[in-house]
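Number of protein chains: 2
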Amino acid sequence: MSVRLLHPLIQNGLHKGDSNHAGGILACKCTDRPVKVKVSAGIAHNHACGCTKCWKPDGAAFSVVAVAPSESVSIVENGDKLAVVDPSALIQRHACKECGTHMYGPVERDHAFKGLSFIHPELFDNGNWPEPGFVAFVSSVIEGGVDPSEMDGIRAKLKDVGLDPYDCLSPALMDYLATWTAKKNGVLQ
Amino acid sequence: MSVRLLHPLIQNGLHKGDSNHAGGILACKCTDRPVKVKVSAGIAHNHACGCTKCWKPDGAAFSVVAVAPSESVSIVENGDKLAVVDPSALIQRHACKECGTHMYGPVERDHAFKGLSFIHPELFDNGNWPEPGFVAFVSSVIEGGVDPSEMDGIRAKLKDVGLDPYDCLSPALMDYLATWTAKKNGVLQ
Numbered sequence: 001m002s003v004r005l006l007h008p009l010i011q012n013g014l015h016k017g018d019s020n021h022a023g024g025i026l027a028c029k030c031t032d033r034p035v036k037v038k039v040s041a042g043i044a045h046n047h048a049c050g051c052t053k054c055w056k057p058d059g060a061a062f063s064v065v066a067v068a069p070s071e072s073v074s075i076v077e078n079g080d081k082l083a084v085v086d087p088s089a090l091i092q093r094h095a096c097k098e099c100g101t102h103m104y105g106p107v108e109r110d111h112a113f114k115g116l117s118f119i120h121p122e123l124f125d126n127g128n129w130p131e132p133g134f135v136a137f138v139s140s141v142i143e144g145g146v147d148p149s150e151m152d153g154i155r156a157k158l159k160d161v162g163l164d165p166y167d168c169l170s171p172a173l174m175d176y177l178a179t180w181t182a183k184k185n186g187v188l189q
Numbered sequence: 001m002s003v004r005l006l007h008p009l010i011q012n013g014l015h016k017g018d019s020n021h022a023g024g025i026l027a028c029k030c031t032d033r034p035v036k037v038k039v040s041a042g043i044a045h046n047h048a049c050g051c052t053k054c055w056k057p058d059g060a061a062f063s064v065v066a067v068a069p070s071e072s073v074s075i076v077e078n079g080d081k082l083a084v085v086d087p088s089a090l091i092q093r094h095a096c097k098e099c100g101t102h103m104y105g106p107v108e109r110d111h112a113f114k115g116l117s118f119i120h121p122e123l124f125d126n127g128n129w130p131e132p133g134f135v136a137f138v139s140s141v142i143e144g145g146v147d148p149s150e151m152d153g154i155r156a157k158l159k160d161v162g163l164d165p166y167d168c169l170s171p172a173l174m175d176y177l178a179t180w181t182a183k184k185n186g187v188l189q
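If you read the protein sequences in the order shown, they are chains A and B. For the first sequence, the numbering used here gives the first residue as 1, with consecutive numbering after it. For the second sequence, the numbering used here gives the first residue as 1, with consecutive numbering after it.
It should be emphasised that the hints constitute simulated quantities derived from the structure, not laboratory data. Careful: at least some of the hints might be erroneous.
Same chains, same names: a pair is fine if it fits in one copy or spans any two.
What the hints assert, rightly or not - Computed list of lysine to aspartate or glutamate pairs in EDC-like fashion (alpha-carbon distance at most 16 Å, straight line): (1) Lys-36 with Glu-122; (2) Lys-36 with Glu-98; (3) Lys-114 with Asp-80; (4) Lys-184 with Asp-110; (5) Lys-159 with Glu-131; (6) Lys-36 with Glu-150; (7) Lys-81 with Asp-32; (8) Lys-183 with Asp-147; (9) Lys-159 with Glu-122; (10) Lys-97 with Glu-77; (11) Lys-184 with Asp-147.
All values reported here derive from a predicted model rather than from experimental measurement.
Whenever a hint applies, use it, and build me the whole structure from the sequences.
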């Protein structure tokens, strides 16, 4: 019987890291001329994500994705291999044209997340990045091809490894987004 | 100290009803010529909702809203007082032009909820409609003017009365929506 791979760093117990992690170098999967991106700050909002747009390792149903301030993210090698996956998307995911790995995704338009770049911490050259804190967009894995009958088991397994599953973002981030919208609309000061 | 009113039928313990409830007559709040709408079937997906578009009783942060098959919903009196609140919205909310009460909201465009009409069961002329089963779009009450500092207390109170709070729909409904999309896109058969 085959077992659905959630993510290699979740499947057999949650990757644990250091909350004082201060960044590092992200490298794509190419053996020849890998793209390298430097993150010179700690990451935040690290989580697993089931959305269909996030880059995932081979066979995984979920990604692991976090943010860093865009001003702390810079290309250090082979940036000529990068292209934006979908210029119309909120997150401008810059992917390696050869291996397909998403290297960084800044939010540049007017949004609560403006000024942040989404990155995949498993690409760091050091392994002590802090662990994910929750799982977002869980139901969306169905849109990626997971059979709906698997969902109860998937949510149970995520809880087992210590990750609360949500079908949007976490309550804290959803409140943060709603607060931003309320202020923009003049509902809150 | 003022206490945030979540909904009159939630605030002091959850309204409890009869799962065999078979519909009834919904009436608006007008004393003169009230709009009356007949629902000749049981309701489903009954839940509390924090979105800014749902009709709510005076002062309440949440609505209580359910669905019935559109073919089982018909106007029986004073339909001339109805108008659609927002013709561009997925849910075509038909509201009384005088008292503002939303009487029914069919989904007519291509969507997982097509063929269903959203109604507010507290408007039934009988009180035994089944209780809500969860709370949707909780974080959205901030967009309606609730201070973000109240959110922990609001989620705790909802859990206290037996309602799981979600910032989108419930996992079952989110899976249902994702399955519909996956089939439409040819990802699932």
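Verification of the supplied hints:
For the homomeric pair Lys-36 and Glu-122, the shortest alpha-carbon distance inside one copy (13 Å) is at most 16 Å, but the shortest distance between copies (59 Å) is not. Proximity of Lys-36 and Glu-98 under a CA criterion of 16 Å is satisfied intra-copy only: 14 Å inside one chain copy versus 63 Å between copies. Taking the closest pair of Cα atoms, Lys-114 and Asp-80 never come within 16 Å of each other, the shortest separation being 25 Å inside a single copy and 47 Å across copies. For the homomeric pair Lys-184 and Asp-110, the shortest alpha-carbon distance inside one copy (10 Å) is at most 16 Å, but the shortest distance between copies (31 Å) is not.
Taking CA atoms no more than 16 Å apart as the test, Lys-159 paired with Glu-131 passes inside one copy only; the shortest distance there is 14 Å, against 28 Å between copies. In this assembly of identical chains, the alpha carbons of Lys-36 and Glu-150 never lie at most 16 Å apart, being 37 Å within a copy and 43 Å across copies at closest. For the homomeric pair Lys-81 and Asp-32, the shortest alpha-carbon distance inside one copy (11 Å) is at most 16 Å, but the shortest distance between copies (71 Å) is not. Taking identical chains as interchangeable, the C-alpha atoms of Lys-183 and Asp-147 lie at most 16 Å apart only when they sit on different chains, with a minimum of 11 Å there against 40 Å within one chain.
With identical chains, the CA atoms of Lys-159 and Glu-122 are never at most 16 Å apart, being 21 Å at best within one copy and 36 Å at best between copies. In the homo-oligomer, the alpha carbons of Lys-97 and Glu-77 lie at most 16 Å apart inside one protomer (14 Å), although the nearest pairing across protomers, at 63 Å, exceeds that limit. When the C-alpha separation of Lys-184 and Asp-147 is checked against a cutoff of 16 Å, the pair qualifies only between copies, where the shortest distance is 14 Å, while the shortest distance within a copy is 39 Å.
This entry does not satisfy hints 3, 6, 9, going by the numbered hints stated previously.
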